[in-house]
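J.: Now for the letters of each chain:
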Amino acid sequence: MNTPEDLQYSKTHEWVRVAGDQATIGITDFAQDQLGDIVYLELPEAGRKLRLEDPFGVVESVKAVSDLFSPLTGEILQVNEPLLDQPEAINSDPYGAGWMLVVRLENPAELHELLSAAQYQEQPEVAGEH
Amino acid sequence: VGTWRLIQDEARSGAWNMALDEALWESVIAGVSGPTLRLYAWREPTISLGRFQQADGIDEAERQRRGFGLVRRPTGGRAVLHDRELTYCVVAPESALGARGVTATYCRIQSALREGLRALGVTAEVIPGTERGRAAHASCFALATPADGVVAERKLIGSAQARRRGVILQHGSLLLDQDVAAWEALFGPGNRATTLAEVLGAPPPPLEAVRAALAGGFATIWATALETGAYRPEETRAAAALAVRKYALL
Numbered sequence: 001m002n003t004p005e006d007l008q009y010s011k012t013h014e015w016v017r018v019a020g021d022q023a024t025i026g027i028t029d030f031a032q033d034q035l036g037d038i039v040y041l042e043l044p045e046a047g048r049k050l051r052l053e054d055p056f057g058v059v060e061s062v063k064a065v066s067d068l069f070s071p072l073t074g075e076i077l078q079v080n081e082p083l084l085d086q087p088e089a090i091n092s093d094p095y096g097a098g099w100m101l102v103v104r105l106e107n108p109a110e111l112h113e114l115l116s117a118a119q120y121q122e123q124p125e126v127a128g129e130h
Numbered sequence: 001v002g003t004w005r006l007i008q009d010e011a012r013s014g015a016w017n018m019a020l021d022e023a024l025w026e027s028v029i030a031g032v033s034g035p036t037l038r039l040y041a042w043r044e045p046t047i048s049l050g051r052f053q054q055a056d057g058i059d060e061a062e063r064q065r066r067g068f069g070l071v072r073r074p075t076g077g078r079a080v081l082h083d084r085e086l087t088y089c090v091v092a093p094e095s096a097l098g099a100r101g102v103t104a105t106y107c108r109i110q111s112a113l114r115e116g117l118r119a120l121g122v123t124a125e126v127i128p129g130t131e132r133g134r135a136a137h138a139s140c141f142a143l144a145t146p147a148d149g150v151v152a153e154r155k156l157i158g159s160a161q162a163r164r165r166g167v168i169l170q171h172g173s174l175l176l177d178q179d180v181a182a183w184e185a186l187f188g189p190g191n192r193a194t195t196l197a198e199v200l201g202a203p204p205p206p207l208e209a210v211r212a213a214l215a216g217g218f219a220t221i222w223a224t225a226l227e228t229g230a231y232r233p234e235e236t237r238a239a240a241a242l243a244v245r246k247y248a249l250l
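Residue numbers (this note's numbering), protein chains in the order written: chain A, 1 to 130; chain B, 1 to 250.
Don't read these hints as lab results, they were simulated from the structure.
Don't take each hint at face value.
Below, simulated SDA-like cross-link-like pairs (lysine to any residue); rule was C-alpha separation at most 20 Å, straight line [unchecked claim]:
| id | chain 1 | residue 1 | chain 2 | residue 2 |
| --- | --- | --- | --- | --- |
| 1 | A | Lys49 | A | Ala127 |
| 2 | B | Lys246 | A | Gly57 |
| 3 | A | Lys11 | A | Leu111 |
| 4 | A | Lys11 | A | Pro82 |
| 5 | B | Lys246 | A | Pro55 |
| 6 | A | Lys11 | B | Ser95 |
| 7 | A | Lys11 | B | Ala104 |
| 8 | A | Lys11 | B | Pro93 |
| 9 | A | Lys11 | A | Ala127 |
| 10 | B | Lys246 | A | Pro108 |
| 11 | B | Lys246 | B | Arg43 |
| 12 | A | Lys49 | A | Gln22 |
| 13 | A | Lys11 | B | Ala99 |
| 14 | A | Lys11 | B | Thr103 |
Some chain B residues flagged as far from chain A (calculated, every beta-carbon gap over 10 Å) [as the list claims (entries may be wrong)]:
| id | residue |
| --- | --- |
| 15 | Ala11 |
| 16 | Ala41 |
| 17 | Phe52 |
| 18 | Arg66 |
| 19 | Thr87 |
| 20 | Thr103 |
| 21 | Arg163 |
| 22 | Val180 |
| 23 | Pro189 |
| 24 | Thr195 |
| 25 | Ala202 |
| 26 | Pro203 |
| 27 | Tyr231 |
| 28 | Lys246 |
| 29 | Leu250 |
Just so it is clear, the structure is predicted and the values come from calculations on it, not from any experiment.
Here a beta-carbon is modelled for each residue, glycine too, at the ideal position from N, C-alpha and C.
Using the sequences and the hints, build the whole thing.
T.: Shown next, in the form of structure tokens:
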């Protein structure tokens, strides 16, 4: 399972890549692997304001429908529109073509609450301890 | 694992059935109710669609002619014809299932279903399906994924899961018998279902026996007694609102 060192993670399996005051958000390799083949994605529109832990979308795989939760507070600057037509990119490239949103950070202190790659991998379900 | 509530529900309309499942889900998410197993039937034969499924591939005129219901589920997947079947619904935090993640929770619930089927005399091996991918077929019973229970490559139980804040809503349909002609009239060729009647080589057991066996299977695998209970008043109120505002509309 791929967990890039340069990203931060939420307990609900979203990743965050920070550049300046902007953060790109997607779901982790672990999450896409758990869900299996993703067949549908619903995302909000640019301009909407997200608060920490707000549901921001829904992903459907052949096995489950799962709500997505915002790891940060901020305004949505960009939505990965092509991904809506090709949600399978979440499976094949979760940290690249599978990105979902770019958000303008409103409360950078929230970044301290996110997990490092090592901390994310230590979570029991990610580490495979059932 | 803690105590589970068992609701042996009556046959209801599609809108009420989905509204009650979602009301239970919200109630468990809110921490008002504990883990719950609901077993139910449908007032009239009803097609349930996956949460985001287009109704392409289903003959709508035929459905109306037959007077079958139509409802959208809060879970994903493809269409299910609920007729001559029993539906189970598990609503529980992952912690109550003793499993984490999609695959592990499916496995846990499948173990309970298998245990129930054994009690009904099913000796055939019921295994998860192995097909992956994006089904072109409208019906859930034309494809078997690891979420499903399969006997000799034909699907006996079709299941679907939704997850919100660590709480799982999983429901599924166990076929007692099937009307293949109705299925084909609605969905066309491609039926890959099997039924309890076919697996047992006998008329299907009465619905009450299937209810009892499945509840027993969950109790065995959970290693806990299920306490037969009812809906909380706030769950019924929430369901009434959801039935009218959400599930009565497609």
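J.: With reference to the structure, classify each hint as holding or not holding.
T.: A quick look at each hint next to the structure:
With a CA separation close to 33 Å, the supplied pair Lys49(A) and Ala127(A) exceeds the 20 Å bound. Our distance criterion of 20 Å between C-alpha atoms is met by Lys246(B) and Gly57(A), whose separation comes to about 18 Å. Taking the CA atoms of Lys11(A) and Leu111(A), the gap is about 13 Å. The hint holds against a cut of 20 Å. Using a Cα cut-off of 20 Å, the hinted pair Lys11(A) and Pro82(A) is violated, with the two alpha carbons roughly 27 Å apart.
Of the supplied pair hints, the one linking Lys246(B) and Pro55(A) holds, its CA atoms being roughly 19 Å apart against a limit of 20 Å. Simply put, Lys11(A) and Ser95(B) have alpha-carbon atoms about 15 Å apart, close enough for the 20 Å limit, and the pair holds. Proximity of Lys11(A) to Ala104(B) is assessed by CA-CA distance (about 18 Å); at most 20 Å being required, the pair is judged to hold. Under the criterion of a C-alpha separation no larger than 20 Å, the hint pairing Lys11(A) with Pro93(B) is consistent with the structure, at around 15 Å.
Among the hinted pairs, Lys11(A) with Ala127(A) is consistent with the structure: their alpha-carbon atoms are about 13 Å apart, no more than 20 Å. Restraint check: the Cα-Cα separation between Lys246(B) and Pro108(A) comes to about 37 Å, which exceeds 20 Å; the hinted pair is violated. At most 20 Å may separate the alpha-carbon atoms for a hinted pair to count; Lys246(B) and Arg43(B) meet this at roughly 19 Å. For the hint pairing Lys49(A) with Gln22(A), the CA-to-CA distance comes to about 14 Å; that is within 20 Å, so the pair holds.
Straight-line distance between C-alpha atoms of Lys11(A) and Ala99(B) comes to about 16 Å, which keeps the hinted pair within the 20 Å bound. Annotation: proposed proximity of Lys11(A) to Thr103(B) holds, straight-line Cα distance about 18 Å (limit 20 Å). Its beta-carbon lying about 25 Å from the closest one in chain A, Ala11(B) satisfies the requirement of being farther than 10 Å from that chain. Here Ala41(B) stays apart from chain A, with its beta-carbon at least about 24 Å from theirs, past the 10 Å limit.
Chain A draws Phe52(B) into its interface by the beta-carbon criterion, the shortest separation being 5 Å against a cut-off of 10 Å. Here Arg66(B) stays apart from chain A, with its beta-carbon at least about 28 Å from theirs, past the 10 Å limit. Distance to chain A confirms Thr87(B) as a non-interface residue, since its nearest Cβ pair spans about 17 Å, more than 10 Å. Not every CB of chain A is more than 10 Å from the CB of Thr103(B) (nearest about 6 Å), against its label as outside the interface.
For Arg163(B), the non-interface assignment is contradicted: its Cβ lies about 5 Å from the closest Cβ of chain A, within the 10 Å cut-off. The beta carbon of Val180(B) is kept farther than 10 Å from every beta carbon of chain A, the shortest such distance being approximately 25 Å. Residue-level check passed: Pro189(B) sits 22 Å from the nearest beta carbon of chain A, beyond 10 Å. No beta-carbon of chain A is positioned within 10 Å of the beta-carbon of Thr195(B); the least distance is around 23 Å.
No beta-carbon of chain A comes within 10 Å of the beta-carbon of Ala202(B); the shortest separation is about 32 Å. For Pro203(B), the condition that its CB be more than 10 Å from all CB atoms of chain A holds, with the nearest at approximately 33 Å. The beta carbon of Tyr231(B) sits about 23 Å from the closest Cβ of chain A, which is more than 10 Å, so the claim that it is off the interface holds. Every C-beta of chain A lies more than 10 Å from that of Lys246(B), the closest at about 15 Å, which supports listing it as non-interface.
With 10 Å as the threshold on Cβ separation, the claim that Leu250(B) sits away from chain A holds: the shortest Cβ distance comes to roughly 17 Å.
Hints 1, 4, 10, 17, 20, 21 from the earlier list are contradicted by this structure; the remaining hints agree with it.
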